[in-house]
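Trainee: The chain contents come next:
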Amino acid sequence: MELLQMENITKLYGENRVLNKVSLSIREGEIHGLVGENGAGKSTLMNILFGMPVIHSTGGFEGEIFINGIPFNPKSPEDAMKAGIGMVHQEFMLIPGFSVTENIKLNRERTNPTLLSKIFGNKLERLDLSLMAKDSRQVLDKLNMTVDEYLPVAGLPVGYMQFIEIAREIDKEQLKLLILDEPTAVLTETEASQFLDVVRKLSEMGISILFISHRLDEIKEITHSITILRDGEMVKTIGTDKISIVDIARLMVGRNIDMVKAKDEERDIKDEYILELKDFKVNMPGEKVKGLDLKVRKGEILGIGGLAGQGKIGISNGIMGLYETSGTIIKDGKELPLNNPRNSLNSSIAFLSEDRRGVGLLLDDPIDFNIAFSSLEIQNKFLKKIGPFNLIDNRTVREHALKMIEELDIRCTGPKQHTRYLSGGNQQKVCIARALTLEPNLLLVSEPTRGIDIGAKKLVLDTLVKLNRELNMTIIITSSELGELRQISHRIAIIYDGKVKGILPPDASDEHFGLLMAGETLDKVVN
Amino acid sequence: MIVPIIFLILCVAGFFFTGLPATFLMNEMVIRLARNLILVLSLIIPVITGMGLNFGIVLGAMAGQIGLIVITNYHIGGGLGLFLSFIISTPIAILFGFLVGKVLNKAKGKEMITSMILGFFANGVYQLIFLVLAGTLIPFRNKNLLLSSGIGLKNTVDLAGIRYSLDKLIPFHKINLGFFQWLSRYPIATLILTLLLYLLVNYFLKTKLGQDMRAVGQDMHIAEVSGINVDKTRIMAIIISTVLAAWGQIIFLQNIGTLNTYGSHEQVGLFAVASLLVGGATVDKASWKEALIGTFLFHLLFIISPLAGQNLMNNAQIGEYFRVFVAYGVIGVALLLHAWEKEKARLSIDDS
Numbered sequence: 001m002e003l004l005q006m007e008n009i010t011k012l013y014g015e016n017r018v019l020n021k022v023s024l025s026i027r028e029g030e031i032h033g034l035v036g037e038n039g040a041g042k043s044t045l046m047n048i049l050f051g052m053p054v055i056h057s058t059g060g061f062e063g064e065i066f067i068n069g070i071p072f073n074p075k076s077p078e079d080a081m082k083a084g085i086g087m088v089h090q091e092f093m094l095i096p097g098f099s100v101t102e103n104i105k106l107n108r109e110r111t112n113p114t115l116l117s118k119i120f121g122n123k124l125e126r127l128d129l130s131l132m133a134k135d136s137r138q139v140l141d142k143l144n145m146t147v148d149e150y151l152p153v154a155g156l157p158v159g160y161m162q163f164i165e166i167a168r169e170i171d172k173e174q175l176k177l178l179i180l181d182e183p184t185a186v187l188t189e190t191e192a193s194q195f196l197d198v199v200r201k202l203s204e205m206g207i208s209i210l211f212i213s214h215r216l217d218e219i220k221e222i223t224h225s226i227t228i229l230r231d232g233e234m235v236k237t238i239g240t241d242k243i244s245i246v247d248i249a250r251l252m253v254g255r256n257i258d259m260v261k262a263k264d265e266e267r268d269i270k271d272e273y274i275l276e277l278k279d280f281k282v283n284m285p286g287e288k289v290k291g292l293d294l295k296v297r298k299g300e301i302l303g304i305g306g307l308a309g310q311g312k313i314g315i316s317n318g319i320m321g322l323y324e325t326s327g328t329i330i331k332d333g334k335e336l337p338l339n340n341p342r343n344s345l346n347s348s349i350a351f352l353s354e355d356r357r358g359v360g361l362l363l364d365d366p367i368d369f370n371i372a373f374s375s376l377e378i379q380n381k382f383l384k385k386i387g388p389f390n391l392i393d394n395r396t397v398r399e400h401a402l403k404m405i406e407e408l409d410i411r412c413t414g415p416k417q418h419t420r421y422l423s424g425g426n427q428q429k430v431c432i433a434r435a436l437t438l439e440p441n442l443l444l445v446s447e448p449t450r451g452i453d454i455g456a457k458k459l460v461l462d463t464l465v466k467l468n469r470e471l472n473m474t475i476i477i478t479s480s481e482l483g484e485l486r487q488i489s490h491r492i493a494i495i496y497d498g499k500v501k502g503i504l505p506p507d508a509s510d511e512h513f514g515l516l517m518a519g520e521t522l523d524k525v526v527n
Numbered sequence: 001m002i003v004p005i006i007f008l009i010l011c012v013a014g015f016f017f018t019g020l021p022a023t024f025l026m027n028e029m030v031i032r033l034a035r036n037l038i039l040v041l042s043l044i045i046p047v048i049t050g051m052g053l054n055f056g057i058v059l060g061a062m063a064g065q066i067g068l069i070v071i072t073n074y075h076i077g078g079g080l081g082l083f084l085s086f087i088i089s090t091p092i093a094i095l096f097g098f099l100v101g102k103v104l105n106k107a108k109g110k111e112m113i114t115s116m117i118l119g120f121f122a123n124g125v126y127q128l129i130f131l132v133l134a135g136t137l138i139p140f141r142n143k144n145l146l147l148s149s150g151i152g153l154k155n156t157v158d159l160a161g162i163r164y165s166l167d168k169l170i171p172f173h174k175i176n177l178g179f180f181q182w183l184s185r186y187p188i189a190t191l192i193l194t195l196l197l198y199l200l201v202n203y204f205l206k207t208k209l210g211q212d213m214r215a216v217g218q219d220m221h222i223a224e225v226s227g228i229n230v231d232k233t234r235i236m237a238i239i240i241s242t243v244l245a246a247w248g249q250i251i252f253l254q255n256i257g258t259l260n261t262y263g264s265h266e267q268v269g270l271f272a273v274a275s276l277l278v279g280g281a282t283v284d285k286a287s288w289k290e291a292l293i294g295t296f297l298f299h300l301l302f303i304i305s306p307l308a309g310q311n312l313m314n315n316a317q318i319g320e321y322f323r324v325f326v327a328y329g330v331i332g333v334a335l336l337l338h339a340w341e342k343e344k345a346r347l348s349i350d351d352s
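Chain order of the listed sequences is C and U.
Numbered per UniProt numbering, the first sequence spans residues 1 to 527.
Numbered per UniProt numbering, the second sequence spans residues 1 to 352.
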């Protein structure tokens, strides 16, 4: 019998269609896998099902959801919980200062009535800590957990925390469907295999499980059926035993862009390195780099890909010294001092940040000043000296801006327009213009097309290719969109768990990319 | 833990220079503790709810003063007058607390500065009402309260009618026994009420609502996802804080005996916050222990420092400067320490 049916779910964020007619159904006790790249719409789908506020504050969704055949329209997490849906979020939803018991019983505390509660309402009922502890012990035992239920969560190993989250969900008596969003991402291998046993046990107890993971072997091992999403579209729903890991990887990545790469001039890129990273570590929250080695050849476009959270974003930010960094960076044969953004800029490195509006632009300043700002600050360009004072030479700033606006085709009302009012693509071009003004020989580009419409995307990418060809500028482009990396890069490094998992040519097969991104080694595709 | 120890050392050192007898000092301290403990208590719940130090208790103090002005206007004194002022000030404090809570929910993460500015703003409205509207739009029966022009409240309101009405509620002085005569010198009833309120707050933190507040204080997002109504819980915390502050201010003023119409409430937030911090509390951690220790040390220093200044430098003013310096200084240091420890915690999370 179908427990959950989601039919033709469509969700728009503004103009952006993140889910398009996705359907999903799960039987009682079934473990259903949900896979897809970042941005494929997995999280959005789960947020809809769990009634997260972000869905309704952005205009709701289209389509229908049925639970046991009854229409269901969750408006808040509370609604979803009442309908028997539990969710273990990707980030821990545990309160560190609370004990294991308090966390398991969070907002479902056992209470005893008192005199005050009879007067002022049941919010003033007294907590019954011993009863709460007994409940917690019971569910922890179900999970074969020996942890003391009175310990504070703060000092526990991450693996334990994941189990405590599960314990909280199964403590809810009416739980019918449990959503697990990348539950094993933080677990060690033994913990993960224990965890999978627990999941199986839950399924035997009749609880349906919706299992989201990037680890394809896990998906293959534990699920009964799989749904694959790509770019908000449902690619396929299929029984797990009817599909191989390699096929899953291929369907996930898909070949949705034509290889428009102009093969006309396969420039000869020599084995001369402009940048070398050795045992490179960056402490960027959520995007940690953990001892990576990478060599970048002069004159190439190197793509850096990988799933979110694996550390690809951390690399450029680390090279620029924006986050705490250790290891060695060798630029043009010379060692670059770490953690010093000014020095990096002085060494002919320019950076287009993924945080365009936050780090990249002075939103309330005009275009011309934005373009001139960095070189004015670093290289003392655009200054005129009057007596002891250095003043900004507005005339040269303006002339330079006009030149850039024309060259890069920035659509604006003029060089005095504030960058806040430009579209995403044009903002990105202003960033590029500023980077060019620094006259770098190495350009780091981070997520250049995020939040930009398709037309502008192409322009930005074309600009990068042009810079590479005409000025022989080395470009390191970091992007979550594998498609665009494959479109313009000469080589693509896939980052997994803070290290380079492998380097592939852009015309390597989908399976190869899919497997590397999922942290598998390539021998699986040899056959 | 370092802050209370430093203050203890300061107090002990200062004590030797004052030349005061210890018994006098202790008598004075008992009275001051009774006067101030409830005001400091009012800060604890917002701290636990993660809203920082609620400088907005100034509004609670105003509510208390409004209650006192009303009963003085109708010449109601004694225990009844005091009781009535509690009754009148409570709904006003609830309203103020609700409004402050609403505003603070719009300024999450910036509660402290917002509540401080709200206090200044409310002071303006308060002055408008009692300086301009009193005697014109708002009729006053007791003409002694008004300035000679008939408009606006006098600078000081004599609270002789209710002076010591709580402190001496239990008539020990009528019992002609040495022990009870000795007891009658202390504000026993006030201390009992203070103890009861401390127990009540402690009990309250063990209820479902108290647990919700602790959850909200630790992590708003997780609390929200667990289905706790975060905004409502925060408003409740501020309402309780404001009501306690109103009561605290009434108790403070019945001991002092005069109301400085335009000044009594101004320093309430500052001194209560400083007291709590001296006790070793931080922006996100406070309990009754810190309130008690802090109030004791802070006011001990208040008594000692002018005298020590007089004896050391022949200038009482130096001690006065010192205690203002201490009040602001301790708040500044506490905020700095908080920022520093937050940074440290962030880094240690990254390392793991």
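Everything labelled a hint here was simulated from the structure, so no lab data went into it.
Hints may be right or wrong, so weigh each one.
To be verified - Once the Cα atoms are required to be at most 25 Å apart in a straight line, the calculated PhoX-like pairs of lysine-lysine come out as:
hint: 1; chain 1: C; residue 1: Lys118; chain 2: U; residue 2: Lys208
hint: 2; chain 1: C; residue 1: Lys201; chain 2: C; residue 2: Lys134
hint: 3; chain 1: U; residue 1: Lys344; chain 2: C; residue 2: Lys288
Trainee: Compare the structure with the hints numbered earlier in the document and write down the numbers of the violated ones, lowest to highest.
Mentor: none
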